[in-house]
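Visitor: In case you want the letters, here they are:
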Amino acid sequence: MIPLTTISVRSVVKGFVLFAMFVYIVFAFVIVKQTKIMTQTLEIGFENGIKIIAWMHFLFAIGLLFLSFVIL
Amino acid sequence: MPDIFISDNLNKNQDLEVEQINSPTPQPSKVQHLSEEFQEFSTNILSAFRLNPKKAKFINKGPDEKIILILRRHPFTNLGWIAITIAMLFGPAALVIFPILSFLPDNYQFVAVIGWYMITVAFAFENFISWFFNVNIITNERVVDVNFVNLIYRETSEAEVGQIQEAQVRVGSVRRTLFNYGDVAIQTASEKSGILFEAVPYPDRVTKILRDLRIAKGGI
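Residue numbers (the working numbering), protein chains in the order written: chain A, 1 to 72; chain B, 1 to 220.
Simulated from the structure, these hints should not be mistaken for lab results. Just so we're clear, the structure is a prediction, and the values are computed from it rather than from any experiment. Check before you lean on any hint, since a few could be wrong.
Said to hold, decoys possible - Lysine-lysine pairs mimicking DSS-like chemistry, simulated, CA-CA at most 25 angstroms apart: (1) B:K208 / A:K51; (2) A:K33 / A:K51; (3) B:K66 / A:K36.
Sequences and hints are given; from them, build the entire structure.
Guide: Here it is as structure tokens:
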């Protein structure tokens, strides 16, 4: 068991940041699902563009989590 | 034996009717007439008043159903979130003047700035798709109101054109009068409360289209 005195403030902050990033990934995934539902409900043009933006946002969110994991 | 009691005028009218029936060019329908009347309106996919969209579809659309008009909230209603988005884009630049993150190491500051831009993109995108997909559709058979209330909740109301009893226009503020947009409240014969088209452009023309459709359907 790791003694509490060895846990630095920085590692606690890093844990919080990574958790926030994870929550953000879930949010980005919900946006992807939401756009899917919307484009199934309505086909009024520009669906592919909207889907691409939603997926890009989701992938960037995952990338940011990895980046944070590496550089923090 | 010729029928001497039929007047000449009546015979002439009958001739005219026969000519109209045999005419090679069909008389334009009310829907075609609408299309011609509103030619000047944009058919751009981002238009808030999109007449006769070519490839538009929606859930539960009938095989013979034709979309006549797709309405969204007036673009002016997006001004608030666009202004907030622009302000958010300049947020990290403000850190130069107000270095509130200076107590953090550089790598944490970098991640914070990237995260801020991600949140900005998500905010703008959420608002955009909310505007883009919250539409009111008028077809030759019915009126449909599609509302995506939040991330996962969808609400669809519809009414047959023949059931429409009244379409009321509400234009109630200076900016609505200036930019010519307002609400169109549609009362139907059913027990449900009516359908509301919120902040749509050219509300008077929308009611005119609805009225013409009702006449074409024999609703009046």
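Visitor: It remains to establish, for every hint, whether it holds in the given structure.
Guide: Structure-based check of all given hints:
{"no.": "1", "hint": "B:K208 / A:K51", "in the structure": "36 angstroms, violated"}
{"no.": "2", "hint": "A:K33 / A:K51", "in the structure": "10 angstroms, holds"}
{"no.": "3", "hint": "B:K66 / A:K36", "in the structure": "24 angstroms, holds"}
When each numbered hint is compared with the structure, a violation occurs for hint 1 only.
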